[in-house]
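**Student:** These are the residues of each chain, in order.
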Amino acid sequence: MLSIFFKRLLLAIPVLIVVASITFFLVRLAPGGPFDAEKAVSEQVMKNLNEVYNLNAPLSEQYFDYMSGVLVGDFGPSFRFPGRSVTELIMTGLPVTFELAIYSMLIALFIGVLSGVTAALKRNTFLDYIPMSIAMIGICVPTFLLGPLLVLIFGINLELLPVSGWDQLPGDKILPSITLGFAYAAYIARLSRGGMLEILNQDFIRTARAKGLSETRVVTKHAMQGGLIPVVSFLGPAVAGLLAGSFVVETIFQIPGLGRFYVEAAFNRDYTMILGTTIFFSFMIVVFNLLSDILALWLNPRSRDV
Amino acid sequence: MKYLVLILSFFLISCSSSKSPVDLAVESKVFHYGNGTEPQGLDPHIVTGVPEHHLLLALCEGLTSSNPRGGESLPGSASSWTVSEDGKTYTFYLQENGKWSNGDPVTANDFVWSWERILTASLGSQYPDMLYSVVNAEEFHTGLISDFSMVGVRAINEDVLQVTLKEPTPFFLGLLSHYSTWPVHKPTVLEHGSIDDRNGQWTRPGNFVCNGPFNLKSWELNKKIVVEKNPLYWDANIVELNEIHFYPISNEMTEERMFRAGQLHVTNTFPSNKCEPDIQEKNPNLQIHPYMGTYFYRFNTKNEALKDVRVRKALAYSIDRKKIVESVTRCGQIPAYSFTPPGSNGFFPDTKIPFDVELAKSLLKDAGYESGESFPVLEILFNTSEGHRKVALAIQQMWQQNLGINVELVNQDWKVYLSREMIGDFQVSRAGWIGDYEDPNTFLDTLRPNRGNNKTGWDNYEFDNLLIKANATLDTEERYKILMEAERLLIDEMPIAPIYTYVRVYQLHEDVKGWYPNILSHHHPKYLRIEND
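As they're listed, the protein sequences go chains A and B.
Residue numbering for the first sequence follows my numbering, starting at 1 and increasing by one per position.
Residue numbering for the second sequence follows my numbering, starting at 1001 and increasing by one per position.
Excised from the complex, chain A in its bound form (with noise of 0.2 Å):
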């Protein structure tokens, strides 16, 4: 297991680099550039920062100038936010993004393993109907409707929350980490259902149950084993995915995650802090992948035996 794990790790290191490379040299094919404004400054003042930051030098200097600062951890000072790192400035938000996705995800985990199981035991009842259709209409509705809406009604209505902030008000993460959840939660009701019913047909739960283990026992300690095999392998993604896409929660609930950095990085055509995040979220992306590939692999004896 540990070698899998070893190597893996040592083939995300070429795939860093590609990405790395690719984002540097689509970031400088994109039209305008990190001082344009609707204020033009002079030829003067451009040539002035040109030269501060380097971006008078050749492409391909400041590629290897660059990387070169990368493979030694420095991602260079962010020209929108004089005075402050790409480091820093993910350090300021990782964070936050991070508290943000563990609460949307046990959230989300809690919401649907109960109601994927739920759905799967009591199969074309109405507790399958309810919770699976409840899902359904949690994949489709977006955050930036779910998250407004829950606004209005526990915030602005009910007064009961906050309506934005992080850390400021008692009570404000409540409504940012429902409703960032509830997008994952539908699609874990969905998958833990479809991984459940699969398992409770096979022989073994046929087994257990003749051997007069209770329902309880049945499902917890032999059928979830199995059937939330392909919500483990959907957490890795799903938890990259959190880290990087929270923007629009970020932005409604006015959270100070790396989310907003990220994408405003893009609009401001920030280079380097783009650049930085995008190695940043790769990153992640690979390792968490990776914690969940090694995560069903030991849950399923299956796939320990190859």
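Fair warning: there could be bad hints in the mix.
Taking lysine-lysine pairs in the BS3-like style, the calculated list, with each CA pair at most 27 Å apart, reads [stated by the list, open to error]: (1) B/1307 to A/39; (2) B/1469 to A/39; (3) B/1469 to B/1166; (4) A/47 to B/1307; (5) A/39 to B/1166.
Pairwise CB distance ranges (calculated) [to be verified]: (6) B/1289 to A/9: 58 to 64 Å; (7) B/1194 to A/16: 32 to 38 Å; (8) B/1425 to A/11: 32 to 38 Å; (9) A/50 to B/1476: 25 to 31 Å; (10) A/153 to B/1191: 49 to 55 Å; (11) B/1330 to A/61: 49 to 55 Å; (12) B/1207 to A/51: 54 to 60 Å.
Please keep in mind that the hints were generated in silico from the structure rather than gathered at the bench.
Everything numeric in this text was worked out from a predicted model, so none of it was measured.
A virtual CB, placed ideally from N, CA and C, is assigned to each residue, including glycine.
Fit chain B to the known structure of chain A by using the hints.
**Tutor:** Here is chain B on its own, set in the frame of chain A:
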């Protein structure tokens, strides 16, 4: 299940605080300010932008200070000043008890050093031209001279600063209200970097030293910046707020909801689709005030068809501006018939742009386009925004219906749009200009030849000469006459077609006092109060 509901309800109820931050502010005197985007930084010589300006108004102070009601500048770091008869020499007398937030006295040398800093090319400041009217400032910045003592700013003594200008610049005091001319604390800047270090850490909480009515208390990126009252400020007695919390809120809907939930005293903007219903429902918090900004369309005068002034006029005359503000923008905007917004420091342009379809048609015919069909397809370039799209759609329809020409809309991402405008890769493009200071020059100057913001390819030296003449004229009445001539010439040549004058639309809580509408929308926080009637 019952327990779950109970626990959840208890949790929710315990979360909800009975008093909102705005309710609590009556006692605590903490002002909650919706401030647009996350500021780039707090170094007045490096940053550009409106959110940065709001923060710097609280933290630092220039020689003069913005008048909360607009108009003439008020004393700032300088308690008074005199101007020589030829209008070229300004002598500023600094406040006797002017202090930096660390207790050091504010001296004339601080200003000299600060101006040297902004004019140092390697700092990469984007606003050095604010000081180009000072003798040798431009020469120093562009490297023609390297000795800063040749630049026209010097400390007569600790408390007296003398500035010598190339030409009498009647709007010079207005320029001083711009943060790029404000001082920075030399020892603090140098402790954290060199004079030209863009990435110096002196603006961080704990390091930051400046001379404004508030001190920097904390700065959480993308969350909020807190400033607290500075007891050492020379005019600290009139400052009533204890703290101001600046929130960077880039989404206008989020901001609106925060205002409704009592989390903000003032918003930075207001959702345009809510504007009309809220005007009808008489939302008491909704504020709509004229703003010193013009929304206009740029014509690329290098374009084969658009180089003919008759074509440009035909296009401008076939836009129904009244209809655009009443049916499209619908938020109190004012149809614009001049480039300089009316009322810029008492300047009211008398130019007219008729909405006259027949005249427009005949102008187009005179230009050789018998019917609209013979006219090449015209492209309108604009950046992604629902508002710009709506205006472009309306104008497309007007040009097609009134003149019969084919118009296509080209929507681009902000930076692509800017770069296409900059290299002249457009025919007609939407544009906006907001004044930096309260004087017609901040508008008209942009259309002089060789100005980076002209972008129309219109190089008119008669216009240029009029502006040079106006800026050398000390008498305001005489000067405005010359500027009026320039404005008429501009509208007669029509390198741009003004569409409407901007308004500032935002929400303001009724407890806020000392906030007065003004054309630059400068609201000095030192005058703000929170009082419950």
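**Student:** Please go over all the hints and tell whether each is borne out by the structure.
**Tutor:** Hint-by-hint comparison with the structure:
This hinted pair checks out: residue 1307 of chain B and residue 39 of chain A have alpha carbons roughly 24 Å apart, not beyond 27 Å. Restraint check: the Cα-Cα separation between residue 1469 of chain B and residue 39 of chain A comes to about 25 Å, which is no more than 27 Å; the hinted pair holds. For the suggested pair residue 1469 of chain B and residue 1166 of chain B, the alpha carbons sit about 13 Å apart, so the restraint of at most 27 Å is met. A hinted pair counts as satisfied when its Cα atoms are at most 27 Å apart, and residue 47 of chain A with residue 1307 of chain B does not qualify at roughly 31 Å.
Simply put, residue 39 of chain A and residue 1166 of chain B have alpha-carbon atoms about 24 Å apart, close enough for the 27 Å limit, and the pair holds. For residue 1289 of chain B and residue 9 of chain A, the Cβ-Cβ distance of about 59 Å falls inside the hinted range of 58 to 64 Å, so the restraint holds. The hinted range of 32 to 38 Å is satisfied by residue 1194 of chain B and residue 16 of chain A, whose Cβ atoms lie roughly 35 Å apart. Here the CB-CB span from residue 1425 of chain B to residue 11 of chain A is close to 43 Å, at odds with the stated 32 to 38 Å.
The beta-carbon spacing between residue 50 of chain A and residue 1476 of chain B, approximately 41 Å, falls outside the hinted interval of 25 to 31 Å. Evaluation of the 49 to 55 Å hint for residue 153 of chain A and residue 1191 of chain B yields a pass: the beta carbon distance comes to about 52 Å. Checking the proposed 49 to 55 Å range against residue 1330 of chain B and residue 61 of chain A shows it holds: the Cβ atoms sit about 52 Å from each other. At roughly 26 Å, the beta-carbon separation of residue 1207 of chain B and residue 51 of chain A lies outside the given 54 to 60 Å, and the hint is violated.
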